[in-house]
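Residues per chain, in single letters:
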Amino acid sequence: MVRMTIEQYLPHHPFLAGLDEDALALLARCATLVHFAPGEYLFREGEPADAFYVLRTGRVALETRLGTGSQVLDTADADDPGDGVVGWSWLVPPYRWTFDARAVSETSAVSFDGVCLRARCEEDPVLGYALMRRVVGVMSTRLHSARVRLLDLYGGRP
Amino acid sequence: MVPRRFRVASTRRDNHDTLTVQLEPCEGGPLAFAAGQFTMLQVFGVGEVPISISGDPRGSGPLQHTIRDVGSVSHALAFAAPGQVLGVRGPYGTGWEVADGKGGDVVLVAGGIGLAPLRPALLEICAERDDYERVSLLYGARTPSDVLFADDLRSWAEDHRITVEVIVDRGEAGWTGRIGLVTQLIGKVAFGADQRLALVCGPEVMMRHSAVALVARGVEPQRVRLSMERNMKCGVGLCGHCQLRELFLCLDGPVLPFDRLEPLMSRAEL
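Chains as they are written, first to last, in our numbering: chain A, 1 to 158; chain B, 1001 to 1270.
Hints should not be assumed to be uniformly reliable.
Examples of chain B residues lying across from chain A (beta carbon under 7 angstroms, computed) [said to hold, decoys possible]:
| # | residue |
| --- | --- |
| 1 | S1072 |
| 2 | R1142 |
| 3 | G1171 |
| 4 | R1178 |
| 5 | G1180 |
| 6 | L1181 |
| 7 | V1205 |
| 8 | G1218 |
Because the hints were derived from the structure by calculation, they are not lab data.
A virtual CB, placed ideally from N, CA and C, is assigned to each residue, including glycine.
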């Protein structure tokens, strides 16, 4: 992979595509590059939701803890167009993670500071709306996926 | 309408509830069929059900049917002992017409046991792999334990340059693959500009969502083909059990293009 700064990388990610230079520059000020080894947690259920991750490479599993161990509920992949992001609890009070997120493979991401992002969105409603539309798009895709899977289609006759 | 007699040569367990039964004719030559066609399989004294053929349409080997043990007849078929004689009517219905994809990219989307009717199409592609451009198989299963034809999936990817992506509804310990809906994978398939062909088989809801996603990616609706496997009884368009408005799915289908099916699939209770 060609080395890029955060400012250079952000316009290339499908989730942020279409945002103008000023908006991306504002977002870049809240961002850092992070890396997770397989098995490492991005965040744990109940902890303060202080970040939002745009995946550059790798796969992340969203899990919940059961008495018998962890159950993977969903995965997010860097190469899924429009879906390579993790975490929206930074946007919704009480700003606590509702699931665990664990790197399944070597994962690199751009991590946005949640408090910083919220402040930028409050200051600049146009940016806030643009970001909200993108987050809602991801939420909609995941909700659709969860609802259809609830039908347990493969459990019955084809 | 009179069944041919076939003897069970062997049975292979594919997963916890699905088995592939291999049949040899009691008399006469092997049954010629096209990829995507089905037969009416009969256990004498128990009943008869439609089952897609899952073997190689180009081979002279045993006739293969992959059967999920979900009812009394399918249970009797799946656990028929070697040497037991079964009745076979057919083959019936339309096939995938895989050769229409030659010279272009082909994507196959399978859900659950829907991989079985697509297996003959994949074997046909593998036999003439150089005649096709990019070939992708997107396969959704309930859990990793439900995944069918694991050896085939490996071979298609490693030996035949087929991009194989598997996604499951629910993970299990040790699973590091994707979790989600098979339709999610359609967005990441590499397609050429034209000559695209898509073959889809699985539960009807999954096929409808897949077809819509494929058309959104630019595949022409008439080149998105779905296998509509409903309640076939006679297999020859007489009884009407499998009727979908003007279509007899045993005769006009099971494989039909999405442009023909879309107005029917989008109507409730049809």
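Now for the hints, and whether the structure bears them out:
The interface hint given for B:S1072 is broken, as the beta carbon of that residue sits about 14 angstroms from the closest beta carbon of chain A, more than 7 angstroms. Because the smallest distance between the Cβ of B:R1142 and any Cβ of chain A comes to about 4 angstroms, under 7 angstroms, the interface hint for this residue holds. Below 7 angstroms, beta-carbon pairs count as interface contacts, and B:G1171 has one with chain A at about 4 angstroms; its hint therefore holds. Interface hint at B:R1178: satisfied, since its Cβ lies 5 angstroms from the closest Cβ of chain A, which is below the 7 angstroms cut-off.
Here the hint on B:G1180 is kept, as its CB sits about 5 angstroms from the closest CB of chain A, short of 7 angstroms. For B:L1181, the suggested interface contact is upheld, since its CB lies about 5 angstroms from the closest CB of chain A, less than 7 angstroms. Taken as an interface hint, B:V1205 checks out: its beta carbon lies about 6 angstroms from the nearest beta carbon of chain A, inside 7 angstroms. Taking 7 angstroms as the C-beta contact cut-off toward chain A, the hint placing B:G1218 at the interface is violated, the least distance being around 14 angstroms.
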